[in-house]
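Student: With the hints as a guide, bring the two chains together.
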Amino acid sequence: MVYQPPVGARDLFPLEVAQKRWIEERVQQVFHGWGYHRIITSTLERLETLMAGDAVQPSTVIQLQVDEQVLGLRPELTASIARAAVTRMAGVTHPQRLYYNANVFRRALAGSHNRQLEFYHAGVELLGSEGGVADAEILLLLADCIRHLGIGQWHLVLGEAGLTRSLLSAFPEALREAVREAIANLDRIALETLPLSAELRDRALFILDLRGRPADVLQRISSLDLDAQQRATVSNLKTLLDLLQESLTAQQHPQFSLILDLSLIQTFDYYTGIFFEVVSSGTGERRILGRGGRYDHLLGLYHPQAETYPGVGFVLHIDDLHQMLLPTGQLPSRTPPSHWLIVPVSNQAYAAAFTYAKKIRESAHLVRVEMKLKIGEPADKVHEYARRRGISQIAWIDDQGLPQIETVGQ
Amino acid sequence: MLTVALPKGGLLEDSIRLLQQVGLDFSAFLDSANRQLEIWDASRTAKALLVRNYDVPVYVEYGQAQLGIVGYDILREKQPQVAHLVDLQFGRCRLSVAVKESSPYRSALELPPHSRVASKFVHCAHDYFQSLDLPVEIVPLYGSVELGPITGMSEAIVDLVASGRTLKENNLLEIERLFESTARLIAHPLSYRLNQDGLHDRIEQIRSLTSAHVPA
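Residue numbers (the working numbering), protein chains in the order written: chain U, 1 to 410; chain Y, 1001 to 1216.
Pulled out of the complex, with its shape left as it was, chain Y reads as follows (with noise of 0.2 Å):
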């Protein structure tokens, strides 16, 4: 029996249309009146586990899934022990430094030492910093990270940017970009090796769906 890890938020909708195209139906997760977390597929081979994007690298890494489906940023953050199979090329964004409109500085670099920079990415930000060899304050946030420049107390922010309508909307400025993130199919390294139930099978029909929009 195959089980998927799929993450809510941004991601899902590109998710559950994939696996569709591959014969795996969870599209009752995108019902807003679902509240099911666990979902079987029609064919009963297959179900869908509904969790958090930070928790999709979890559930795959300890083995309750074979496969998952999570963005680049948080396999950077988070460095789970799972297999990197196929870049899936949905859900684009990268990982920047921004900090207020009105602020002088222009580039990480100009950055005082020992200033505070909020994130959620709190690895990629501390490594990043310490790569520049700039020592600063990581403040850990979960949430709204914007509010971080705005009431004063970070200088800068290590953040997400898709389209940047939120950065502008709350007057920041992108300064440093760190990394570009899409999103990634994962899974058990041991499930994997041992390919049993055609999960091989099921990883080449996605990767071939894939690689066909993107140009070789």
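Extracted from the complex, chain U is given alone in its bound form (with noise of 0.2 Å):
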């Protein structure tokens, strides 16, 4: 069936290429503005590539067989990203500071029904610059982006994956993974039912519970008994929680609520520091407009010597921003109208109306000129043609070129 998409593929029309483009300026001129760069990584990589840092499963991939390798269309950007950066990090100065806005493609879990594959994404990553000092300037630059966006309610819900997963060493190793998968999925139930000591059952379900205003949470951790380091990284959570705070204050951002949530994790080891969500607000479906996190183990992976450096970064989800802006009337209702329509009177006054076209076109501003193609049409569908289009102007050219100009009313 030639003229069918392949299922769970779409195409984007002008309009919502204009609506998508909207999306990815405001967002990239904050990017700029911070003084990040942009990267283009290869849309195909090998599959070991995207599975090194655990988080991606090959089920999830759409693969393709190109002589012997087995490559893979990336399901995100960081692993590229990491694999390009790492081997050129000894020559350059840190930290490194780049973008992506691409695309992404995710294979279909058996069972749904024409699932969306590809996906868009833009985001930033951070590398080779450790502490609290880079979680606030990404988180910061993350709060920007959604503000240039006009999203005034949203969420962001903090955990701290290192944090967390020390805690979760007290449990036996045996049960260590039920436990954090428990955790991860939010199954209390499971919990309450593995085979666990009464004081460790209720260390997994104190865990489960450690959310809400940050304040109150630092203060629940703390009366746990925490060794060296542990009581290090909650240190550390607060100066970084403080820093945002003072800063959003001084710059007078608009407030977004933040919850923090130790329980945020994920059942791979990813995360070394902070992962995030964000997370829209107000009516209508709740969605996950994007995610980040820090990962210090990552680029160590795609190193020749295993050097390690350190990254934070997050990713927006343009598709759900998109979804969530589109109520709002923010974005563009309709493609820019032409500014000029330029309309030859007879087959001898193309050569002249090209010109004239031209001629307009060559303006310190963008101007948008169209050419009537066909000839000999009556001034009242001509008129007709514009008043459609949203073409204010009509500049009729005659058999020696001179030009007799229009202005339609809309």
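Because the hints were derived from the structure by calculation, they are not lab data.
Computed from a predicted structure; not experimentally measured.
No residue lacks a Cβ here, since even glycine has one placed at the ideal position from N, Cα and C.
Take the hints with a grain of salt, since some may be wrong.
[As the list claims (entries may be wrong)] Computed list of chain U residues with no C-beta within reach of chain Y, every gap over 12 Å:
{"#": "1", "residue": "Leu-200"}
{"#": "2", "residue": "Gly-284"}
{"#": "3", "residue": "Lys-359"}
[Said to hold, decoys possible] Ranges between beta-carbon positions, derived for each pair:
{"#": "4", "chain 1": "U", "residue 1": "Pro-327", "chain 2": "Y", "residue 2": "Thr-1182", "range": "37 to 43 Å"}
{"#": "5", "chain 1": "Y", "residue 1": "Lys-1008", "chain 2": "U", "residue 2": "Asp-202", "range": "36 to 42 Å"}
{"#": "6", "chain 1": "U", "residue 1": "Asp-225", "chain 2": "Y", "residue 2": "His-1114", "range": "55 to 61 Å"}
{"#": "7", "chain 1": "U", "residue 1": "Asn-114", "chain 2": "Y", "residue 2": "Ala-1162", "range": "32 to 38 Å"}
{"#": "8", "chain 1": "Y", "residue 1": "Lys-1047", "chain 2": "U", "residue 2": "Ile-62", "range": "37 to 43 Å"}
{"#": "9", "chain 1": "U", "residue 1": "Glu-177", "chain 2": "Y", "residue 2": "Lys-1047", "range": "36 to 42 Å"}
{"#": "10", "chain 1": "Y", "residue 1": "Asp-1133", "chain 2": "U", "residue 2": "Glu-177", "range": "37 to 43 Å"}
{"#": "11", "chain 1": "Y", "residue 1": "Thr-1166", "chain 2": "U", "residue 2": "Ser-223", "range": "30 to 36 Å"}
{"#": "12", "chain 1": "U", "residue 1": "Phe-206", "chain 2": "Y", "residue 2": "Thr-1182", "range": "22 to 28 Å"}
{"#": "13", "chain 1": "U", "residue 1": "Gln-29", "chain 2": "Y", "residue 2": "Glu-1038", "range": "39 to 45 Å"}
{"#": "14", "chain 1": "Y", "residue 1": "Thr-1166", "chain 2": "U", "residue 2": "Ile-62", "range": "29 to 35 Å"}
{"#": "15", "chain 1": "U", "residue 1": "Pro-5", "chain 2": "Y", "residue 2": "Glu-1169", "range": "50 to 56 Å"}
Tutor: Have a look at this one:
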């Protein structure tokens, strides 16, 4: 069926492209403003590159067999950027500030019907800087992007993957994975039924509930018997939250709700420090508009001598932002109309018409000029055409190449 | 605003009684003249959706309902991305393998390889027989699964058993139990994390009611 796109794929027509570009341009302006540079990596990667960080399952990757290699269409960009950047880290000054704006692919799971396969992601990676100030830059940059998209209310759910992992080390190894999975999936019943001692069960449920206003949560964590490393992590987290709060207040940044959530973890060891999700607010479906975190072990996986560098970043889900912004009326509701319609009155006038159009286009600002290709239409038909396309100026070009300019009322 | 997805059928009455105890009255769903699928609580701070039990986790997973009540059997079958919060202790039943009383088989492992097993719970059935390393053909059915062995279409069925009366009346015999099921309180994970409109308090109220009846 040559006339159908593959299941789960879709085409974007000019209006949708204009809306998508509206989002991407705003986000890119912010990225540029913070000194980030765009990187373009390959759409295709070796499967092992994509899976090295443990965050990607082969079943979710669209795979291709090319000669002897198994390649995959990238499901996200961080692995590609880590691979590309790490071998060149030695020679460059740190940190590296990179951003991307690209399509990604995800294989639909069995049992899902016509699930979307191709998505658009825009995001940043700040490579070679560890510590809370780099984390603060990423979170403030994220808040800046969302403000520039005109999103007033949103939630930031912030976890600390390293701290939670460290708290889980108290559990016997045989059960640790099950406890982690239950916490990541918010499965309280599983925690209640795992064969744990009463003390460990209480500890697991305590971690599951470590969520709420940052000050309250920090206080609850401090009530635990923490080791020196854990105390340092908690103290760094508090410093980060204070720095965020102070910066946002000083900039009179609109308030968003920040939830500190130590149960926000994943079932694989990818993030090593902060881990966060951006959640839409208000009525309508709640969407995850973006997510990110710190991954201090990832780059080493791609270095020939396993030298590692810290990294932190986030991704914005352009498709979810698009869906969320559509009902707000901020996105363009039509493609930009042409400013001019050039109408040659006879066959002899074509060359003059193209020349006249060229002259108008040579302006400091973008002037959109379109040619009427068919000659001999009555004036009222031409007016009707211009009106329908939102064109305000018509230039009639006669055989001598002289223009007669007319303004069309809308 | 809070939205709760409630299952039609056997769990409905207990679910409504439970919610009444925490101050949410959706008893209009029990009125046989009721045709409404969406009912507001008298305080208009909460509403309930009346859906098929299979659809409860769908509304909760997509966030149209923040809370839902559904049997564990369906959570096992559909594996939805939802938070499992409270074992509500009612709607107790089990997923079992049954055969005709006249059948020679008395355990699942005795079933001949490549025999047919009819079930509404195709994933549970598939996982179970795979764990036994016994290749069988799962025949999906949407109801009256007991007819599978009666008509001779399948050697066995995998189906829910509560009292066992339906099996008995159809001359079927339970030969294996896969797992026990009870009703569960589930939540939309993002809404649970954001905890708006007193969601957490409602959940804790429900939990305290349930645990009061359970021996520690």
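Student: Determine whether the Cβ-Cβ distance between Pro-327 (chain U) and Thr-1182 (chain Y) falls within the hinted range of 37 to 43 Å.
Tutor: For Pro-327 (chain U) and Thr-1182 (chain Y) the Cβ distance comes to about 40 Å; the hint holds.
Student: Regarding the assertion that Gly-284 (chain U) does not contact chain Y, is the least Cβ-Cβ distance greater than 12 Å?
Tutor: About 9 Å separates Gly-284 (chain U) from the closest Cβ of chain Y, which leaves it inside 12 Å; violated.
Student: How does the Cβ-Cβ distance of Asp-1133 (chain Y) and Glu-177 (chain U) compare with 37 to 43 Å: does it lie in that range?
Tutor: violated, 24 Å
Student: Could you tell me whether the CB distance from Lys-1008 (chain Y) to Asp-202 (chain U) stays inside 36 to 42 Å?
Tutor: Once the Cβ atoms are compared, 38 Å apart, the range 36 to 42 Å for Asp-202 (chain U) and Lys-1008 (chain Y) holds.
Student: Lys-359 (chain U) clear of chain Y by more than 12 Å, beta carbon to beta carbon?
Tutor: At about 56 Å from chain Y, Lys-359 (chain U) clears the 12 Å cut-off, so the statement holds.
Student: The hint says 36 to 42 Å between Glu-177 (chain U) and Lys-1047 (chain Y); measuring C-beta to C-beta, is that right?
Tutor: Holds: the Cβ-Cβ distance is about 39 Å, inside 36 to 42 Å.
Student: I want to verify a distance hint. Is the separation of the beta carbons of Asn-114 (chain U) and Ala-1162 (chain Y) within 32 to 38 Å?
Tutor: holds, 37 Å
Student: Given a hinted range of 50 to 56 Å, is it respected by the beta-carbon distance of Pro-5 (chain U) and Glu-1169 (chain Y)?
Tutor: Holds - the Cβ-Cβ distance for Pro-5 (chain U) and Glu-1169 (chain Y), about 52 Å, lies within 50 to 56 Å.
Student: A cut-off of 12 Å on Cβ-Cβ distance, and Leu-200 (chain U) was said to be off the interface with chain Y. Does that hold?
Tutor: holds, 17 Å
Student: Between the beta carbons of Thr-1166 (chain Y) and Ile-62 (chain U), is the distance compatible with 29 to 35 Å?
Tutor: For Thr-1166 (chain Y) and Ile-62 (chain U) the Cβ distance comes to about 46 Å; the hint is violated.
Student: Are Lys-1047 (chain Y) and Ile-62 (chain U) spaced within 37 to 43 Å by their CB atoms?
Tutor: holds, 41 Å
Student: A range of 22 to 28 Å was offered for this pair. Does it hold for the Cβ distance of Phe-206 (chain U) and Thr-1182 (chain Y)?
Tutor: holds, 25 Å
Hint violations for this structure: numbers 2, 10, 11, 14, all remaining hints satisfied.
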